[in-house]
Amino acid sequence: MEGSFTLPREGSTSDPLRIAVLISGGGSGLASILAYESLEPRSFHTVLVLADSDEAGGLDHARKAGIDSIGIPLPRIVDKKEQRLKHEDLVHEQLEKYNTELIALAGYMRIFTPVFVGKWKGRLINIHPSLLPKYPGAHAHRDALADGAVISGCTVHFVDEGVDTGRIISQSEVPVLTGDNIGDLQNRVKAAEHALYPRTIDAIAKNPGLFVDRQDG
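Here the sequence shown is numbered in this note's numbering, starting from 7 and rising by one per residue.
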């Protein structure tokens, strides 16, 4: 099931785009988005933070900023497919309740089904720790080092029905240094992510049509 590609409306400082940030862990990416928002009026405003666990540490960032934060664990359903779809239904319900206009995945470790993506396609973005299309998937830093890469970085992209295959919005390069291990490269890329993601979200909010046509079949 593939949904139509529909971008959000144009936001402004007087009428900012309503975004939800989805996390799984400590939420350092979320913290960078909230810090960017706090500096001056932006064309987007975080209205909701969702996590796939009640225990996700990043929920505290939202609470401290006065933003509604909700943990939605996987429901207790034996059938894995049914469990996954029900979980996505619960996430979708909250996004709709808060009139979400753009979803930013920030360290969210679940892969959405085509059913969910179809509902939000064009309004669902992610940041990945490599220069896509190189090194997709969960082990980007390991793969970059194993490949002998001298440049890595991060990519903000629209989410489609594949894994890290959506069209690219923005990228930032970082060097891979001699002697780097996975942790070294991860920390360097993470710093680039924290600079790139908030700026890109703001750019999308200001002018969605700058990136793709408003309808993309």
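Any given hint could be a false lead.
List of simulated lysine-lysine pairs, DSS-like, C-alpha gap at most 25 Å [stated by the list, open to error]:
1) Lys92 to Lys125
2) Lys87 to Lys140
3) Lys212 to Lys125
4) Lys86 to Lys125
5) Lys103 to Lys92
6) Lys103 to Lys125
7) Lys103 to Lys196
8) Lys70 to Lys196
9) Lys196 to Lys140
10) Lys70 to Lys103
None of these hints come from the bench; they were simulated from the model. Note that the coordinates shown come from a computational prediction; the quantities given were computed from them, not determined experimentally.
Evaluation of the provided hints:
1. Lys92 to Lys125: holds, 15 Å
2. Lys87 to Lys140: Violated, at about 29 Å.
3. Lys212 to Lys125: OK: lysine 212 and lysine 125 at ~22 Å, within 25 Å.
4. Lys86 to Lys125: Given that 25 Å is the threshold and the Cα spacing comes to 21 Å, the pair holds.
5. Lys103 to Lys92: holds, 17 Å
6. Lys103 to Lys125: holds, 15 Å
7. Lys103 to Lys196: Violated, because 31 Å separates the two Cα atoms, which is more than 25 Å.
8. Lys70 to Lys196: holds, 22 Å
9. Lys196 to Lys140: Given pair lysine 196, lysine 140 holds - Cα atoms ~17 Å apart, limit 25 Å.
10. Lys70 to Lys103: Within the cut-off at roughly 22 Å; holds.
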